[in-house]
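K.L.:
Produce the complete structure using the sequences and hints provided.
There are 2 protein chains.
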Amino acid sequence: MLAEVITIGDELLLGQTIDTNSAWMGAELTKHGIALHRITSISDAPAEITAALEEAMSRVDLVLVTGGLGPTRDDLTKETLASFFGMPLVMNEQVLNQITHWFENRGMEMLPVNRDQAMLPEGCEILPNLRGTAMGMWFQKGDEVSPKVVVSLPGVPYEMKGLMEEEVLPRVQKIWKLPKRYHRTVLTQGIGESFLSALIEDWEDGLEERGIHIAYLPAPGQVRVRFSAVDDLEDAAVRRVEEALEEFLELAGQHVVALDEMSLPEAVVQSLVENNCTIATAESCTGGSIAASITAVPGSSAVFQGSIVAYANAVKQQMLGVAAKDLEVHGAVSEPVVMQMAKGVREKLGTTYGLATSGIAGPSGGTALKPVGTIWVGLAGPKGVVARKFQLGDHRGRNVSKTVLLALAWILEDLKQKDSQRS
Amino acid sequence: MLAEVITIGDELLLGQTIDTNSAWMGAELTKHGIALHRITSISDAPAEITAALEEAMSRVDLVLVTGGLGPTRDDLTKETLASFFGMPLVMNEQVLNQITHWFENRGMEMLPVNRDQAMLPEGCEILPNLRGTAMGMWFQKGDEVSPKVVVSLPGVPYEMKGLMEEEVLPRVQKIWKLPKRYHRTVLTQGIGESFLSALIEDWEDGLEERGIHIAYLPAPGQVRVRFSAVDDLEDAAVRRVEEALEEFLELAGQHVVALDEMSLPEAVVQSLVENNCTIATAESCTGGSIAASITAVPGSSAVFQGSIVAYANAVKQQMLGVAAKDLEVHGAVSEPVVMQMAKGVREKLGTTYGLATSGIAGPSGGTALKPVGTIWVGLAGPKGVVARKFQLGDHRGRNVSKTVLLALAWILEDLKQKDSQRS
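Respectively, the protein sequence lines represent chains C and R.
This note's numbering runs 903 ahead of the 1-based position in the first sequence.
This note's numbering runs 903 ahead of the 1-based position in the second sequence.
For the record, the hints were derived by calculation from the structure and aren't laboratory data.
For glycine and all other residues, C-beta sits at the position ideal for the given N, C-alpha and C.
A portion of the hints provided could be inaccurate.
A few chain C residues facing chain R, derived, Cβ under 7 Å [unchecked claim]:
(1) Glu914
(2) Ser1049
(3) Thr1198
P.N.:
Okay, structure coming up:
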């Protein structure tokens, strides 16, 4: 079964909003055995909406539309759909009630434009939106054997997600008999896409024949590898993918830091929990980003004590015990300083690990000896304090996010060594 | 002049990668007076690539394609384009040299798959990629009066951006006479889209007639409003938009926190600099995210001293001087604790402002009295210490990012009051 997504909004084409909805929908559809065939983003123009709908309906049986349902006058999706399906807009009293309550519950005044959101196409199925005032709409054409469905959803991500999970996907599963698709992914760190591909080349050659599809998803410093299979029988798809995964881990397991959708911070938290270790960070150039990425993981409080974001040198001295002399002689971006920061935060916060960063994130502040992108990471642990130097690029944001990855990967590496020393 | 973007990659449809390229390209095209007409995302399948190309070329004169140029075998864009334009792939010695140097400079081994990246369609114009090993390609059809151009770019964002800025946009400006488009945006905070719209309704009615287009871009807790105009004369477009912006600020200026693409953290840093103030944060539930968002702004070191991410209660006591008794009696998520955190970090780090957060981000950890989403924000400043309580939702990530916005907006609000007291 094929589906398409149409996202509507001038802001998408003008580049003021990144479309995160379609990626989420793609992942959900995939999980349910539906292949997302195409994503189309168009403006809030009725002619464009109509054209994109006609094209998508000619290619696939399920078209999911998001956006353009807001209360302001640049939102034209509802009117266009009503006219496309030849359904007049009528006041839906039940929805009007729901919207009225929505505003009452929040102690907010309801405006005429919000009242208009209860004007809905007569004859479509209303999908109640419990998180906002724009309802979902389900339009169905064709007979029971080969139905064509268009679903209109609000563009606000969490409203769209709620409607997908509670209304759309259950209906879709009832209507279509879906083949089973299964996939798993591994996250590798510190090996480039080409090298990884070369490492598994001979084995990879035979995969397609075995009904296993492999894909590489590179990100800075990381490559995610996805194995997938489609089959009428769920067991068959699962077995094929699990076999492939096991074989891959034999060949390239040393580069794998996490399985499936697990992120690197999730893998770090899990590994710290398993090893009964705790961590604190002392951050200069990363400015709290390591702490933020760890605490984004639910349950991280079991292993994460806190962080001292020592942006100013005075804070490095006062809160972390960095020697004034070393700051003067070697500068803040140096091996002795980052080692003292790591040691300092470990001691102050009483953790197994102290992780520290100090670098020149850019875009300015570089010198001939320490150009922009010079980053020191320090790790203090039960075995002592070590520092590593990285020479990254000239983009502030990327330097910070790469440093976060490198620092977290280092913790995992150290925990793995600990494991292997034990066994 | 109209353009379309085609992004290629199974990972986009499977939802494993969010397409950030097309938003960036949309913003750049808009800046250059080119209207992005449609964005299409398709899989790495030659038949899909060919179909999408044919459709886009029938609608617009410029088609920008990203993705599918990597060295691995799931990347099929180059081969498909070569066959679509009837150009054989031949070894380009100059590019081969460049790729060889690229690997030498990094001390990395070059693999046969990387060598193959120098096999390029004979007759297309090569756009040298200085940041990676996948070259850009420029295919031109038609005559000089009405050329049709297809450009293929790598999917790695910073490689694509470099090629767009250095190669694609300069060429586009040479070929087409572009109308001038001008736009400005304002960022409002703390007022819903409907209320904002109602506030300016009468005035908004006349905008389209005056050749000014308005759009609302809502985000959690914020609405960005964009005013744009298109004209053959740049002056005319600029004048119309600037007039509209001035009128809008008259009507709704009290809700505006930042102008143009300036983010809230950028506005905070700028306002702190202008007011000669400094700041430090004491973060529990935000886990360093406020510090990370401030330090993401280049030059923030002028106003940001540091942060104490006090995730564990012991850290709140030891590093921030929170009273053990208050933690015990009121709990960490309480008015007295967040006020002591704010006061503590302000005193310890010697800043004008101390900003603190403590809350239950979720997904678990809530109680009847303090459900998930209960967030306290404390602000210590020259006038004393104040705390505010917010009741947010049940989504951990959204609770954190909303708290960051609310906390930063509070700083701006306080600085504005300071301004108005002065004047």
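K.L.:
Look at each hint and say if it fits the structure.
P.N.:
Structure-based check of each hint:
{"no.": "1", "hint": "Glu914", "verdict": "holds (5 Å)"}
{"no.": "2", "hint": "Ser1049", "verdict": "violated (22 Å)"}
{"no.": "3", "hint": "Thr1198", "verdict": "holds (3 Å)"}
Comparing the model with each numbered hint stated earlier shows that hint 2 is the single one that does not hold.
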